[in-house]
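There are 2 protein chains.
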Amino acid sequence: MRTNHFGMADSGWPGCAKSLKGVILDLCGVLYDSGEGDGVAIPGSIEAVKKLKESDLQLRFCTNETQATREKFVAKLRRLGFDISVSEVFPPAPAAIAVLKERGLRPHLLVHDGLLPEFDGVDKTNPNCVIVGDAAENFSYQNLNEAFRVLIGLEKPVLFSLGQGRYYKETDGLKLDVGVYMKALEYACDLKAEVIGKPSPTFFRSVLNDMGLKPHERAHHGLLLCFCPHPPLWLLYWAVVQKVLMIGDDLLNDVGGAQHCGMKGVQVRTGKYRPIDERHPAVTADGTVDNLAQAVDMILSQRGH
Amino acid sequence: MRTNHFGMADSGWPGCAKSLKGVILDLCGVLYDSGEGDGVAIPGSIEAVKKLKESDLQLRFCTNETQATREKFVAKLRRLGFDISVSEVFPPAPAAIAVLKERGLRPHLLVHDGLLPEFDGVDKTNPNCVIVGDAAENFSYQNLNEAFRVLIGLEKPVLFSLGQGRYYKETDGLKLDVGVYMKALEYACDLKAEVIGKPSPTFFRSVLNDMGLKPHERAHHGLLLCFCPHPPLWLLYWAVVQKVLMIGDDLLNDVGGAQHCGMKGVQVRTGKYRPIDERHPAVTADGTVDNLAQAVDMILSQRGH
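The listed protein sequences derive, respectively, from chains U and P. Take the first sequence: its letter number 52 is residue 293 in the working numbering, and every next letter is one higher. Take the second sequence: its letter number 230 is residue 471 in the working numbering, and every next letter is one higher.
Derived by calculation from the structure, the hints in this document are not laboratory data. Each hint should be verified, as a subset may be incorrect.
Given that identical chains are not distinguished, each listed pair holds provided it fits within a single copy or across any two copies.
[Unchecked claim] Mimicking EDC-like on lysine to aspartate or glutamate, the simulated pairs with C-alpha atoms at most 16 Å apart in a straight line are: (1) Lys313 with Glu396; (2) Lys397 with Glu435; (3) Lys365 with Asp431; (4) Lys313 with Asp531; (5) Lys416 with Glu387.
Note that this is a predicted model, so its numbers are computed, not measured.
My request is simple: use the sequences and hints to build the entire structure.
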């Protein structure tokens, strides 16, 4: 058995499956491919989700999806055949609304029409920040220019980006994602956006918290680490978080993001996966599998199911 | 009299005007403000250009304008009242066409409809590079996505950007410029664009060459510098190029770009100028003037006109 740099037991993939407590799944490109209408379920993924739900593992869904409200998005997944409920799904928009409330900010929205109802109760008068989501066809020159003018007119411009993906795959090909427009506005206004969504550690921690880990306490322990030469609480956190596995098709945002938080990260060869991902200079997945069905079979077989 | 780091006489602005051989003017924001129809001439600029033409100074116009062919663009300037001919104006598109020919490349174009005729004679079948210009309303999600798909499908993706400006000012407000979309595609495809236009030194040198300096010889001298401990030819180049002044409204692309090539750079307080430019951490203009008319009066009065 290998040991990690904390000197702790570190069985690699799929050996780590034995000690897993929970699994976090990305949605688009793992469960289904988006496209015309509801898109299409990836073969074997409906059954794979069912098997995970029937196991003793905790299961959450963590997505950078921002083209629809959480309710409408989950309804689509259910129409595709997935047994998923709203409370299990974590998209960036509700997290962004919490940040706005906390900091007293009023957003100008550059998002998909389908996401607008999520912000119905949010004060958007006289905006003092901009939120950019995966607006797709709404990324017109006019709309990007409008967001730019709001930012450049602010004394302290604040830009939130709901994810930072480069592109995603729909049934008719690759499509530019929100990160591309985040970079465009960053350059136009000479600023750095705050990312809400994967791979932000804050975002992953909100999911871990919901799984029974306590992120606020952990953040406190993180601070303790700065002053304490013997950080037993940090090790405790590390030991727990290592028992969570993220499965996604995005090497940087899913796999890299999860690993950065101490989780394991496995990449599927569906969705936006490209063979070049397996030779990436900075991020190496703990495992690479053909699809979700294969990952789930490997996990459950390691656990003796 | 100050001396520069080559130990040569370096009279600052406006003292340097005495020894000037030539002046390069930016167009948009210096001669006129673009907008509805032809835009509007900036007060005093028509007369200022006339005075420069009547002086003993060489005069060229160097622009990152890519919304029209050179012929149509110059016709617009003439309608506004400027006495300017096509051979005096240097925009990026003709320089890009020369690069395509030299390297045997076939472009996919993401440019303004008005620029398309400039590329009429260029082979665009089965493209192996992308050229992005100031496409304005053509920067739709669909068009940016199409350019992205061409690039991501190439084994060795090559992206040319006709300038790298962040934004420019039209009569109805600030507008996003090509650099913003260059950054977007750079991020989407994880590559670095080649800039054709200001502030590229190659681009500035093509203008200097037309003024009677010989850039090909100079490039050769530049190489000599690497091997020769006594670079008299380099000093000769430096002495000549210091006698050319660039006047523009863009601190980074006009002033900084010119200074990087050894020229003097003066910024006008018209066009996209913002007061914050005068406190920029990296680029300090040799002089800042209210407008072109003031700059020309200062130059000519130093020269005893």
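Check your understanding: In ascending order, which of the hints set out earlier in this document are inconsistent with the structure?
Key -> Checked against the structure, the hints that fail are numbers 1, 3 and 4, while the rest are satisfied.
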